[in-house]
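K.L.:
Each chain, written out:
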Amino acid sequence: MSTRGAVLDDAPSRAVPARRRGGPVRWLRRHALQIYGVLAFVYIFTPIAYVTVFSFNEPARTNLTWRGFTLENWQHPCAAPDVCSALGNSLKIGLSATLIATVLGTMIAFALQRHRFRGRAATNTLIFLPMATPEVVLAASLLTLFLNMRVPLGFTTIVIAHVMFCISFVVVAVKARIASLDPRLEQAAADLYANEVETFRRITLPLVAPGILGAALLAFSLSFDDFIITNFVSGNVITFPKFVYVSAQRGIPANAYVIGAAMFFISMLIVLGSELVRRRRVRA
Amino acid sequence: MSIAAVAHTGSGPEPGQEPPAATPGRRSSLPYWLLLPGLLWLFVFFAIPIFTLLGTSTQTPVPGGDVGAFEQTFRFANYPEAVREYTEQFVRSFVYAGLATLFALLISYPLAYLIAFRAGRWRNILLVLVVAPFFTSFILRTIAWRQILSEEGFVVSSLKFLHVIPQDMNVTASAVAVVAGITYNFLPFMTLPLYASLERIDPRLIEAGGDLYGSSFAVLRKVTFPLSMPGVVAGTLLTFIPAAGDYVNAALLGTPRTQMIGNVVESRFFRIVDYPTAAVLSFVLMAAILVLVTLYIRRAGTEELV
Chain H
5 MSTRGAVLDD APSRAVPARR RGGPVRWLRR HALQIYGVLA FVYIFTPIAY VTVFSFNEPA
65 RTNLTWRGFT LENWQHPCAA PDVCSALGNS LKIGLSATLI ATVLGTMIAF ALQRHRFRGR
125 AATNTLIFLP MATPEVVLAA SLLTLFLNMR VPLGFTTIVI AHVMFCISFV VVAVKARIAS
185 LDPRLEQAAA DLYANEVETF RRITLPLVAP GILGAALLAF SLSFDDFIIT NFVSGNVITF
245 PKFVYVSAQR GIPANAYVIG AAMFFISMLI VLGSELVRRR RVRA
Chain C
271 MSIAAVAHTG SGPEPGQEPP AATPGRRSSL PYWLLLPGLL WLFVFFAIPI FTLLGTSTQT
331 PVPGGDVGAF EQTFRFANYP EAVREYTEQF VRSFVYAGLA TLFALLISYP LAYLIAFRAG
391 RWRNILLVLV VAPFFTSFIL RTIAWRQILS EEGFVVSSLK FLHVIPQDMN VTASAVAVVA
451 GITYNFLPFM TLPLYASLER IDPRLIEAGG DLYGSSFAVL RKVTFPLSMP GVVAGTLLTF
511 IPAAGDYVNA ALLGTPRTQM IGNVVESRFF RIVDYPTAAV LSFVLMAAIL VLVTLYIRRA
571 GTEELV
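Residue numbers (this note's numbering), protein chains in the order written: chain H, 5 to 288; chain C, 271 to 576.
Just so you know, not all the hints are guaranteed correct.
A short, non-exhaustive set of chain C residues, derived as facing chain H with CB atoms under 10 Å [claimed, not checked]:
1) Pro307
2) Leu312
3) Ser378
4) Tyr383
5) Phe387
6) Arg411
7) Val425
8) Leu429
9) Phe495
10) Leu507
11) Thr525
Calculated from the structure, these hints are not laboratory results.
Quantities reported herein were computed from a predicted structural model and do not represent experimental measurements.
Even glycine gets a Cβ: it sits at the ideal position worked out from N, Cα and C.
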C-alpha cells in the first residue's frame, strides 16, 4: 500500500523541471491536496468541536451563548430532567434492535454467501430496497400499517422499525466479511477430518466474528441515532434524538451536549482502539 | 449509513459474487431456514407496509366520523390534488437534494483522492475521521450548525466584520442553510464509495497518463475520473436518496418557505391528521426517486450498484 502512495507522490515532481527550489507558490501547489485535506477535516469537525465546547458551558435554560467554563454538566449529566430517561430508552431500543438485526442479518448473509438456492435475486432485491428508500417513506408506510392494524405505538413498534432498517446493513457488512475469507482455511479443516459443524464453529465463525461485531456496531449506531422513523412510530416514547429535536424549540440543556460529546468520544475510542490493535497484530 | 458496508465491499475480493461452490450441486433446506426469519421480518414490516401505504393513499375521511377515521373509497383523485397542492415542495426537495449532492461530490472527491493515494498507512484512520460526524447525534450536529451560522455566531460575525458577506445577510433560516446542512450531514455517504472505487484504480494507469505527457488535469479527466465512475454513481445515489426525503435540516435550519416534501408528510400525519394526503405524497416521492434513479443509472451507464 505504501508503495502505491510513493509512486504517486513522485508523479507530480517528475512533471516539474528538476529545479526544486521554487518559492512558496510552488510549495503551495505541491501540497495543495494536503492543505485541502486539512481544511476538509476542519469543516467535518466544526460542529463536533462546537458540541464538545458547549458541553462545558455554564448551565442555563438554553445553551445558545457562551457563559463560562464549568465541569458541572459532565459531573451531573442527568441533572436536566428527561435527558437521561430519553438516553435510557435509546440504549434499550438500540440494544434490542441490534441483537435481533445482527442475528437475522448474519443468517441471511451466510445463506447468500454460502448456499445456492432458488430466489436469490428476489432475496437480494428485498434486502436492497429498504436501503434505497427514503426514511420518510419507510416511516410513513410503517405508520399506516400500525394505524390500520391498530397496533399501539411505543417501545415495541420502535424496535420493529429499527430492526427492519438495520437488517440490510448487517447483511451487506457480514457478506463482505465472509467473501474476504480465505477458502483454504476451511478446506484445511475439512482435510483434517473436521465435520461441517465443527468447521463452522471453530474456523468459520471466529473468522467472521469481527465482521459480525462491526455490523452490530453499525446497527447500534443507526438505531441509536435514528430520528425520522422513530419520530413516526414512537407514540409517547421519547428517545434521545427525539428529545433533542423536541427541545430544540425551547432550548436544549447543556447536558444533552454532554451526552452527544460523550457518545462521540466513546465511539472514537472503540473504533480507533480496534484499528490500533489490528495494526499491532499485523506488525507482529 | 451503508457507507461502512460500501467501504468494506471495496476492499473485499469480488463483492456480490456467486457463492463459492464448496458444496457443488447440493441442495438442502438449510439456506431457507437461515433466510426465513429475516426475510419474513422485511416482508411484514417493509413490503406489506408499502401496500398499506398505497391503500391509505386512496382513502377519504368517514363522513361525520372522528378525526383520523378514514375509509377506503378508491379515490384516485387524491393523487393529482395532493401533487398539485405540493408541487413547490416536491420541486424544492429535488433541487435541494440535487444541489447538496453536487456540493458533496465537489467536496468529497479531492478528499477521497487524498485518502486513496496519498494517505499511506493513515488511510484507515482518515476514513474513521470521515465518518466521525456519525458518532455524534444527527440532530445535535444540525443544531450545532444552526448555532455556528447564526447572527451572533463566530463565523458569520467575523465574515461580516471582514466584509466578505453583506452586513444585512442572514445565513440561518434560509435555503442556503438548508442545502449546507444536507451537504454536511450526508457527506460521508459520498466520500466512502468514492474512496472505495478510487482505491481500486491501479496507480500505474495514472502514472502512464503522466508518462504520456498528459497534464495532471488531463489525467484526472481522461483516466482517474472515468475509472472512478462506479463510486461517483454509488455516492450520488447514497447522498441524493436520503437527502430528497430529509426533513430535519429543513425543519431546523430553514423557514416555512424552505419546506421540503418530508416536512409536509410529517405535518400531514401529526398536525393535520390527514393520512391519505401524507400517503400520496410519500408514495409519489418514492416513485419519483425510483424513476430518477433508473434514468440516472442508465445515463451513467453502469450496472454496478452497491
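K.L.:
All the hints need checking, so say for each whether the structure fits it.
P.N.:
Hint check:
Annotation: interface hint on C:Pro307 holds; nearest CB of chain H at approximately 5 Å, less than 10 Å. Contact between C:Leu312 and chain H, as hinted, is supported at the beta carbon level, the nearest pair being about 5 Å apart and thus within 10 Å. The interface hint given for C:Ser378 holds, since its Cβ lies 8 Å from the closest Cβ of chain H, which is under the 10 Å cut-off. The interface hint given for C:Tyr383 holds, since its Cβ lies 7 Å from the closest Cβ of chain H, which is under the 10 Å cut-off.
Because the beta carbon of C:Phe387 sits about 5 Å from the nearest beta carbon in chain H, less than 10 Å, this interface hint is met. Below 10 Å, beta-carbon pairs count as interface contacts, and C:Arg411 has one with chain H at about 4 Å; its hint therefore holds. Taking 10 Å as the C-beta contact cut-off toward chain H, the hint placing C:Val425 at the interface holds, the least distance being around 8 Å. At its closest, the beta carbon of C:Leu429 sits 14 Å from a beta carbon of chain H; the interface hint therefore is violated under the 10 Å criterion.
A cut of 10 Å between beta carbons decides the hint on C:Phe495: the least distance to chain H is about 15 Å, and the hint is violated. Annotation: C:Leu507 was flagged as interfacial toward chain H, and the flag holds, the nearest CB pair being 8 Å apart, inside 10 Å. Because the beta carbon of C:Thr525 sits about 14 Å from the nearest beta carbon in chain H, more than 10 Å, this interface hint is broken.
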